[in-house]
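Work the whole structure out from these sequences, hints included.
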Amino acid sequence: MNKELIIRSGSNTVDFALLKDGKLVELHRDREDEKGFSVGDIFIAKIRKPVPGLNAAFVNVGFDKDAFLHYHDLGPNLPTLMKFTKLVTSGKLNDFTLKKLPFETEIDKNGVINDVLSANQSILVQIVKEPISTKGPRISSELSLAGRYLVLVPFSERVSISQKIESKQEKDRLKKMMLTIKPKGFGVIVRTVAEGKNVTELEKDLQSLIDKWILLCKRLTTAHHPSKVFGEVNRASSILRDVFNDTFTGIYIDDEELYYQTKDYLQEIAPSKVSIVKHYNNKEVPLFEKYHIERQIKTSFGKTVSMSKGAYLIIEHTEALHVIDVNSGNRSNKAQSQEDTALEVNMIAASEIARQLRLRDMGGIIVVDFIDMSNPENRKVLYDFLKEEMSDDKAKHKILPPSKFGLIQITRQRVRPEVSIKTKEENPDHNGEGEIEAPILVIDKISADLERIIKDHRNVVLNAHPFIAAYLTKGFPSVRNKWVLEHKRWIKIIPRDAYTYLEYHFFDKEGNQIE
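Residue numbering for the sequence shown follows the UniProt record's numbering, beginning at 1 and increasing consecutively.
Where hints are given, some of them may not hold.
[Unchecked claim] Listed below are the simulated DSSO-like cross-link pairs for lysine-lysine, each with C-alpha atoms no more than 30 Å apart in a straight line: (1) Lys278 <-> Lys298; (2) Lys197 <-> Lys184; (3) Lys197 <-> Lys99; (4) Lys273 <-> Lys197; (5) Lys298 <-> Lys23; (6) Lys86 <-> Lys109; (7) Lys176 <-> Lys212; (8) Lys298 <-> Lys387; (9) Lys100 <-> Lys175; (10) Lys396 <-> Lys171; (11) Lys175 <-> Lys20; (12) Lys3 <-> Lys278; (13) Lys83 <-> Lys46; (14) Lys135 <-> Lys49; (15) Lys23 <-> Lys164.
[As the list claims (entries may be wrong)] For each label pair, taking beta carbons as the anchor points, the in silico distance ranges come out as: (16) Asp246 <-> Ser160: 19 to 27 Å; (17) Glu515 <-> His225: 41 to 49 Å; (18) Ser160 <-> Phe103: 13 to 21 Å; (19) Thr97 <-> Asn512: 35 to 43 Å.
The hints are simulated quantities; they were obtained by calculation from the structure and are not laboratory data.
Here a beta-carbon is modelled for each residue, glycine too, at the ideal position from N, C-alpha and C.
Set out below in structure tokens:
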């Protein structure tokens, strides 16, 4: 299994595509012009008002909508956090290591919000769920700072080990090690990737997290309320931190500054793999075109998703849940029975569904209507296979066994807005969406533009939608052949999957766009 991370930088956006054996499995986008509310960011905020009926408080973190802080997200050591925050912001405490800070009495886990919070109090909170639809961010006052191998939890003494580490001996080794090196006043969660690591590597990661905590506290002394006092690392680094392993074979970046940032970060977490980071600077073929990502985006985000052997999925989103329907399609049945056919299609669908959940970052309740299977053993095979396919998914999820009707229910953690990409294009003839007939007018427009710009540019390259590119180059004499006779120049034409049907651009030999 090979994994590749493709990073494309635009004027105000950065796109991240994670490929697994060449197939797109995750897609993320960072926008520089949007208000920053990313999962993991820490804010100094103001309590707007506690709401006893919800046992929660609404908190002003600087977003249009107030953030939501439930009592269960306060953390047991809220009084210690509140006391520390007050001392630091008032300038009465300069030692941020927590070694000499006495812990206050923990709050009652079954208490009520009015007993611990009141309006206009300052509080340190962390984003656990980004703003989605009409809702503000979901926040927690139980802070944590994530590193490569460890997660640092201030105002705690607990050491926890990832449940995905199966060896009891390894768990005991890691716990004993962390108890000897962790500082007083901090808890630690040991991540799965720490398995087999030595004390030097873990101590280095721990020190890095403590340095981040101290920097956060220093910002508190001058921060206005509300404001961000700690931001997650850039998205490229956070993806590498969470998913990077030895199966990665390439990281390709088309921005020089981001290339050096990523290379430096990889030098810290995996020096032996720095050589896989490459700067992509081919101006003729865009990065996402080179790795066929645009084509995969357009075939993966519609309501209908095609699969092998003619099968397909229908994915629909309601207010309450997502519904996925599995269809066998018009496929030739080479299996011995209807039951075997159903199992074969369901297995193909399970693999694609696991990919779709990550790709679209679908969260909440997902109901999958697989093809009915009467054999209980086949239903168990399908259930086990789906769990295995989703084992790489970093989002918390739970899968229930299939019902007798073939339904499987999945709950998946939703921390960011779902990735939604429009795959249909406006029909220029009917001002609607659907199938588009080639309007000959666009060819006339391209020809007119070419006649204008070829007077000042000797070498011209045309980028156009694949259908338009094919129309210009296929047949004899093709439109391009006619251009050669007319202008005495050969025009290079590059198909671009990313373009809409009527979009095209001319470039010179240096790759600069010609207006």
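query: In ascending order, which of the hints set out earlier in this document are inconsistent with the structure?
result: 11 and 19
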